[in-house]
Structure formats: structure tokens, C-alpha cells
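Below are the chains, spelled out letter by letter.
There are 2 protein chains.
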Amino acid sequence: MLSSNQRKFILQLNKKKYRLANKLFVAEGKKVVNELINSDWRFKNIFSTEKNFHLDSKLLTLEEMKKISNFKTPSHVLGIFILPDSQQIISEDITIGVDGISDPGNLGTIIRLCDWFGLSELICSKNTVDCFNSKVIQASMGSIARINCHYVDDLGGALSAMEKPIYGATLKGESIYSSILPNRASYVFGSESHGISKLLLSQLEGELSIPMFREGDNKAESLNVANASAIFLSELFRDLKEND
Amino acid sequence: MLSSNQRKFILQLNKKKYRLANKLFVAEGKKVVNELINSDWRFKNIFSTEKNFHLDSKLLTLEEMKKISNFKTPSHVLGIFILPDSQQIISEDITIGVDGISDPGNLGTIIRLCDWFGLSELICSKNTVDCFNSKVIQASMGSIARINCHYVDDLGGALSAMEKPIYGATLKGESIYSSILPNRASYVFGSESHGISKLLLSQLEGELSIPMFREGDNKAESLNVANASAIFLSELFRDLKEND
Numbered sequence: 001m002l003s004s005n006q007r008k009f010i011l012q013l014n015k016k017k018y019r020l021a022n023k024l025f026v027a028e029g030k031k032v033v034n035e036l037i038n039s040d041w042r043f044k045n046i047f048s049t050e051k052n053f054h055l056d057s058k059l060l061t062l063e064e065m066k067k068i069s070n071f072k073t074p075s076h077v078l079g080i081f082i083l084p085d086s087q088q089i090i091s092e093d094i095t096i097g098v099d100g101i102s103d104p105g106n107l108g109t110i111i112r113l114c115d116w117f118g119l120s121e122l123i124c125s126k127n128t129v130d131c132f133n134s135k136v137i138q139a140s141m142g143s144i145a146r147i148n149c150h151y152v153d154d155l156g157g158a159l160s161a162m163e164k165p166i167y168g169a170t171l172k173g174e175s176i177y178s179s180i181l182p183n184r185a186s187y188v189f190g191s192e193s194h195g196i197s198k199l200l201l202s203q204l205e206g207e208l209s210i211p212m213f214r215e216g217d218n219k220a221e222s223l224n225v226a227n228a229s230a231i232f233l234s235e236l237f238r239d240l241k242e243n244d
Numbered sequence: 001m002l003s004s005n006q007r008k009f010i011l012q013l014n015k016k017k018y019r020l021a022n023k024l025f026v027a028e029g030k031k032v033v034n035e036l037i038n039s040d041w042r043f044k045n046i047f048s049t050e051k052n053f054h055l056d057s058k059l060l061t062l063e064e065m066k067k068i069s070n071f072k073t074p075s076h077v078l079g080i081f082i083l084p085d086s087q088q089i090i091s092e093d094i095t096i097g098v099d100g101i102s103d104p105g106n107l108g109t110i111i112r113l114c115d116w117f118g119l120s121e122l123i124c125s126k127n128t129v130d131c132f133n134s135k136v137i138q139a140s141m142g143s144i145a146r147i148n149c150h151y152v153d154d155l156g157g158a159l160s161a162m163e164k165p166i167y168g169a170t171l172k173g174e175s176i177y178s179s180i181l182p183n184r185a186s187y188v189f190g191s192e193s194h195g196i197s198k199l200l201l202s203q204l205e206g207e208l209s210i211p212m213f214r215e216g217d218n219k220a221e222s223l224n225v226a227n228a229s230a231i232f233l234s235e236l237f238r239d240l241k242e243n244d
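Residue numbers (the working numbering), protein chains in the order written: chain A, 1 to 244; chain B, 1 to 244.
In short, the hints are calculated from the structure, not lab data.
Quick caveat: nothing in here was measured; it's all calculated off a predicted structure.
Just to be clear, a hint being listed does not mean it is correct.
Intra- or inter-copy, both count: the list cannot distinguish identical chains.
Simulated pairs of lysine to aspartate or glutamate, EDC-like, Cα-Cα distance not exceeding 20 Å [unchecked claim]: (1) Lys135 - Glu192; (2) Lys44 - Glu235; (3) Lys67 - Glu207; (4) Lys72 - Asp103; (5) Lys135 - Asp93; (6) Lys23 - Asp85; (7) Lys31 - Asp217; (8) Lys135 - Asp103; (9) Lys16 - Asp85.
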């Protein structure tokens, strides 16, 4: 049984200010919660509709779970975790930056992509959706525990401080297939609706694009930003595996 | 003003059986509805919270729109379109097949990807989410009007009839970066939770994978299927643009 106070407290964690004030965040889904339990992160509570999900898990009815879940179809497991301490930016050879991504699913899948391609950090502009939003956590499928997301006031400044060239993904840049992509550089993806901010555009070494393959007026105008990131990351890292 | 009967009718179109019975489907969002209006498809009604969205659009209040929208945050435009007639499979050089994709966002972004890379059809197993689901339409961002989605009872049979080899995206196949990817072949992506069905696996010419870039046990187990499709399509078509 959950008291109404507990319920209210958990629901408040949907908001960033309560997450920061309480240094807690919520993760939902069996796979994701399991991954976070097995990471270096610590949990405060684990709730499950299944008996014996975890030694410390508390049994809830599906009805109770529905009341605290952030999803239309509630998962069987919900965990409350302690927000990890913020880390220093390390600046790997390849750095990915995101400038104002607002869709939690897009940010979560970009985190999952960074993990797949072996990166360990992602630099986010301040107006990017919070990575501890439960929908981001869910879409990251646990990769959030391996990717340090750094939120910075000035994305251009933070990337410039790394002393590497900064390239931006836009719709009118050089083709990624015919350009040489430096393997010590930052690559930035802009927001779903407005792309990369004007100020940051002026700080780029160059703009890069995935070329269109369809001729004529009647065609897709753009790709989803997570899919575009997938293709960029694949192009950046494929040479490492081409002769395997 | 919408009558309660009209409201009920529109909401029923969320279900595939009502879409088929009425030969109608719903699309939401300004950009998507505009793309569909400008395609060969015909509309029955256009509703908008904005005056003069379209000559034939009917003005609704935001409250009324909320009652017929399929989204938490309703869009300002909702259109009811006539289901297009089903087309013959044409079998292009490259064919993409999906086997049981259940997430509407994933199917919609795969449709958008096929459009970007210049394909004109997608072959879907019968248990794949319906492409006229409004969330698929939304995620396709209008590309649905340019990609014929064919639903087939027997995906392996339909692809075999094209007399091209069939390759499947799995987690333990040959690396796509070091394999020669035939440019006359079918490539199949499986469901988010179960991958490619057993029967279809036995009909494959080969399995292909995006290799992992992180060593050790602690890493992402898989990529989102739409992101994996993005990387496969990029690998399949990049040679066309490499010397541009």
C-alpha cells in the first residue's frame, strides 16, 4: 500500500525542480530498472507488481502502479533512484552535442546511440529536455547509466573550450558521405523544430548533411533527429570496423 | 461545433476495424495534414482551431479539438482522409520488410526513412502495427503518402516471390560495415521485443548486424529498431553518394 503522501511525492518527481530539490528521479520498466540497479547508481525504493522482483522491492497492485506511473500503460516495475553527482567533462576524441532537443524519446535514443558507439558523455544545451525525465530514461533503455549528460549554459563555449573543431548537422551542409569527418571533433544536432541555434551556427567549422536520395519537390523534408544522429554516428565510427 | 455523433465517429477511427469499415483514417498535425492534402489522397473533413487553415476547413475550439485528438497535446489541425486503394507490390531493387513492429513511432519513422532514401514501398507482416494508426501517420511526417505499405499474411513468402535474397537484421550476424550488401535484395527488421520470427529466420540468405563498439559486459544490448534501420539504409545507399 502506498499512502497518498507517497503517491504525491512520486508524481512530483515528474518535474525537474522536485527532482533537483530531492536529488531523486524515477525510472520505469523492468529492463531499465534492472540496468540501473546493476549500475553504480543507488536506489531509494523499488516498487513492483510482481512478487520477488528484487529483495528490496515493495509489492503494489496494478491499480496502485497506475496511479504513480508516467505512462499510459504502466510498467510492472518503478524505481526511485538517487540523482548521480555531476561529473567533469572529459572531452573524448569524438564529442556529441545536442542543442535544444525537446522530445524525450529523441534524447533517450540519442543517449542509447552514444552508448552503442562507445562514447561516455553527451553535451546538452540548457534548453534540452532533462535527461532524468522518466520518458528519456525509458527511451535510453538503461544507457543513461553509462552516458554522462552534461547540461551547459553555453553549448558553443563548452565545445570551443575542448579545442576541437565543431561541426553541425544541418539540411544544407556538405554530404557526410563525401566529406572527411575528422575523428577528433564535436558534432552537434539541433532541435526538432528550429535546428541549431543561430549563435552556435556562427561558431561551426562546417555544416554537414545526410544527402537526399529522392529527386523532385515531393519528398521527405528532413529526418527525425535521432535517426539522423544514428547515421552520423555510424559514419563516424564505421571505419573502425570496416576491416574487421 | 461538432455533434456528439461526429465526435464518436472520429474517435472510432482510432480502431483499425472502423477505419476499414468506413474506408477513412485520421491524420493530426499541421505539417502532416498539409502534406496529405497536397498528395494524391483525398480528404473528407479538415478541422482546425485556426481560421482559414484551408478553404474547406471547419473551425473548432481547442476544447472541441481535445475531445477528438488522439494525442495528449492536441494539434491545431485534424483531417479525415479516404483510405487509399491498395497497390500492387512492385519490388524495387532494394526492398525493406518489417516483421511485427509494434510501436507506432518506430513504424512511422521507418516509413519516413524509406521516403528519404528514395524507396516507394515497405512490406509489413500482418502483425505489424497498422500504418493508418494516427501515431504512425504523425511519426511518418507525411511520408506515408509516398510509401506504399503492403501488409502480407506471409512475409517470407511475399519476399521470396520477388526472387531476390533476403537478409535479416539480427544481433549476431555479419557486420554491415565489412560485408558486401547486395544492391538487389530484401532487408528485414524484426519486432522490438522478439526480433525476426523463427520461420522467417530460416528463409534468410544471411544475418547482418551493426557491430558493437563498446567492450565488456556493461553496454547497450541493442539499438532502437528505427535507428538500426536508419544505419542499414545509410549503408545500403551511401555508395551512390560517396563520389558526389
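How the hints compare with the structure:
1. Taking the shortest Cα distances, Lys135 and Glu192 sit within 20 Å of each other both inside one copy (17 Å) and across copies (17 Å).
2. Taking the closest pair of Cα atoms, Lys44 and Glu235 never come within 20 Å of each other, the shortest separation being 40 Å inside a single copy and 44 Å across copies.
3. In this assembly of identical chains, the alpha carbons of Lys67 and Glu207 never lie at most 20 Å apart, being 46 Å within a copy and 43 Å across copies at closest.
4. Taking CA atoms no more than 20 Å apart as the test, Lys72 paired with Asp103 passes in both settings, with 17 Å inside one copy and 14 Å between copies.
5. With identical chains, the CA atoms of Lys135 and Asp93 are never at most 20 Å apart, being 29 Å at best within one copy and 38 Å at best between copies.
6. Proximity of Lys23 to Asp85 under the C-alpha cut-off of 20 Å is restricted to the intra-copy arrangement: shortest distance 9 Å within a copy versus 55 Å between copies.
7. In this assembly of identical chains, the alpha carbons of Lys31 and Asp217 lie at most 20 Å apart only when taken from different copies (15 Å versus 43 Å within one copy).
8. In this assembly of identical chains, the alpha carbons of Lys135 and Asp103 lie at most 20 Å apart whether taken from the same copy (9 Å) or from different copies (15 Å).
9. For the identical chains of this complex, Lys16 and Asp85 are intra-copy neighbours only, at 15 Å inside a copy versus 47 Å across copies, given an alpha-carbon limit of 20 Å.
When each numbered hint is compared with the structure, violations occur for hints 2, 3 and 5.
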